[in-house]
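Novice: Take the sequence shown: its position 175, counted from the start at 1, is 174 in numbering that gives the first Met the number 0, and no numbers get skipped.
Hint data in this document are derived by calculation from the structure and do not stem from the laboratory. All C-beta atoms, glycine included, are put in the ideal place defined by N, C-alpha and C. Some hints could be false.
Capping the alpha-carbon separation at 16 angstroms, the derived lysine to aspartate or glutamate pairs in EDC-like fashion look like this [said to hold, decoys possible]:
#, residue 1, residue 2
1, K142, D120
2, K142, D307
3, K311, E388
4, K142, E15
5, K142, D158
6, K385, D307
7, K385, E350
Distance ranges between label pairs, derived from CB positions [unchecked claim]:
#, residue 1, residue 2, range
8, D227, F52, 51 to 57 angstroms
9, D307, R55, 32 to 38 angstroms
10, E266, G64, 37 to 43 angstroms
11, E290, P21, 20 to 26 angstroms
12, D227, D339, 38 to 44 angstroms
13, G217, G94, 26 to 32 angstroms
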Amino acid sequence: MTSHMSSLDAFNLRAEARDAPPSGIVAVFQHARGREGVIPLWVGEGDLGTPDFIARPAADALVGGETFYTWQQGIPELRAALARYYGRHFGIESGLNDYIVVGSGMQAIQLALQAVAGAGDECVYLSPAWPNFAAALEVAGGKAVPVTLDFSENGWTLDLERFEAAITPRTRALFINTPSNPTGWAADRETLSAILEIARRHGIWIIADEIYAKFWYGEGERAPSFLDVQSPEDRILYVNSFSKNWAMTGWRVGWIKAPPPLMPVLENLVQYSTSGVPQFMQRGAVAALDEGDDFIASQVARAAEALDIVTKSLSATGRVRFARPGGAFYLFFAIDGVEDSMQSAMRLVDETGVGLAPGVAFGAGGEGFFRLCFNRDLGQIARASKLLEAYISESF
Numbered sequence: 000m001t002s003h004m005s006s007l008d009a010f011n012l013r014a015e016a017r018d019a020p021p022s023g024i025v026a027v028f029q030h031a032r033g034r035e036g037v038i039p040l041w042v043g044e045g046d047l048g049t050p051d052f053i054a055r056p057a058a059d060a061l062v063g064g065e066t067f068y069t070w071q072q073g074i075p076e077l078r079a080a081l082a083r084y085y086g087r088h089f090g091i092e093s094g095l096n097d098y099i100v101v102g103s104g105m106q107a108i109q110l111a112l113q114a115v116a117g118a119g120d121e122c123v124y125l126s127p128a129w130p131n132f133a134a135a136l137e138v139a140g141g142k143a144v145p146v147t148l149d150f151s152e153n154g155w156t157l158d159l160e161r162f163e164a165a166i167t168p169r170t171r172a173l174f175i176n177t178p179s180n181p182t183g184w185a186a187d188r189e190t191l192s193a194i195l196e197i198a199r200r201h202g203i204w205i206i207a208d209e210i211y212a213k214f215w216y217g218e219g220e221r222a223p224s225f226l227d228v229q230s231p232e233d234r235i236l237y238v239n240s241f242s243k244n245w246a247m248t249g250w251r252v253g254w255i256k257a258p259p260p261l262m263p264v265l266e267n268l269v270q271y272s273t274s275g276v277p278q279f280m281q282r283g284a285v286a287a288l289d290e291g292d293d294f295i296a297s298q299v300a301r302a303a304e305a306l307d308i309v310t311k312s313l314s315a316t317g318r319v320r321f322a323r324p325g326g327a328f329y330l331f332f333a334i335d336g337v338e339d340s341m342q343s344a345m346r347l348v349d350e351t352g353v354g355l356a357p358g359v360a361f362g363a364g365g366e367g368f369f370r371l372c373f374n375r376d377l378g379q380i381a382r383a384s385k386l387l388e389a390y391i392s393e394s395f
């Protein structure tokens, strides 16, 4: 019998493309796709649709004929709105040429990688991690080097000496996601400063994924940012997305904040990939930035309440270990005695109807854990929490 791999070999594909790892998150999702009654806490999105104040301007622009080629860097109105957003929430001054609009946060990551790293180059990142960054780099022929966060009763922590020791002459960038998907780990200002000093010493870039900065449960209205500690000459690319803050996951619109001299390079990369983001969608993104602060605040307040519900139920089992997340909207937890998170996630969805992402999908340090997205309806979260509490207490 001809194997699947041998049939692919016959097509003479690039090994990096052929061997790109399938998503463990998608595997569980596909396993239970179409089942009635499943509570879907496996993927990284909430249950709210895009609000009308965002959708309406996009719909009006679409009907009004804004369907032609547009600015590859993003329409000026959207880049101006990004500057206003950063001024309000990060206290910085910036201009239109600090931003480029791209087709999703994932494309922002891909273009940032294309700008600074390629075949044979290495990028160091913190793990457990959303798997797409490492996969995107390795499909391009690079090498993603994980440094595992340490987990203890005190939470997830970063060993800075071990982190710096992972840097080699081939290292081109450090990829830092804070607050983190999936762990909820969030770097404080001192840690951000230390990471920045490491990048400066080695003359390498930081790719800063701060998409969850507003989903923050500590003091202040956002998580600490590299923007709080950087100098103008620092090599930092900020990758971000409209997906989470404004319930726009299906829109696939993101942005990169970068030093202005890089904009011609990034604009060329957009030209050679998507050639720009549809203009009518950008009209909705302008409204999101300018009118969406209250919507974000309401989502964060709901997520904080949902987190309390989940942690109370799971703690009641006496068999669950987790660190309360500082930010993002995931609980990353381990169940005593469970080692195979993929098999157990399949079992959980089959026997409880609660869909979780297996920790093994998040790379080094993730096996034995599960990721639960709690940015959902509180009644649904309460039901899922009670189902998990009962099952973990009685069946695992």
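Novice: Are the hints correct? Go through all of them and say.
Specialist: Each hint tested on the structure:
1. Between the alpha carbons of K142 and D120 the distance comes to roughly 6 angstroms, so the proposed pair stays at or under 16 angstroms and holds.
2. Taking the CA atoms of K142 and D307, the gap is about 38 angstroms. The hint is violated against a cut of 16 angstroms.
3. Taking the CA atoms of K311 and E388, the gap is near 9 angstroms; set against the 16 angstroms cutoff, the hint holds.
4. Using a Cα cut-off of 16 angstroms, the hinted pair K142 and E15 holds, with the two alpha carbons roughly 11 angstroms apart.
5. Among the hinted pairs, K142 with D158 is inconsistent with the structure: their alpha-carbon atoms are about 21 angstroms apart, more than 16 angstroms.
6. With a C-alpha separation of about 13 angstroms, the suggested pairing of K385 with D307 holds against the 16 angstroms cut-off.
7. Taking the CA atoms of K385 and E350, the gap is near 14 angstroms; set against the 16 angstroms cutoff, the hint holds.
8. Between D227 and F52 the C-beta distance comes to about 30 angstroms, which lies outside the given range of 51 to 57 angstroms.
9. A hinted range of 32 to 38 angstroms holds for the C-beta pair D307 and R55, which are about 34 angstroms apart.
10. Taken as a hint, the range 37 to 43 angstroms is violated for the pair E266 and G64, whose Cβ atoms sit roughly 25 angstroms apart.
11. Distance hint for E290 and P21: a CB-CB separation of about 39 angstroms, inconsistent with the stated range 20 to 26 angstroms.
12. For the hinted restraint 38 to 44 angstroms between D227 and D339, the CB-CB distance of approximately 41 angstroms keeps it satisfied.
13. In this structure the supplied range 26 to 32 angstroms holds for G217 paired with G94, their Cβ-Cβ distance being about 30 angstroms.
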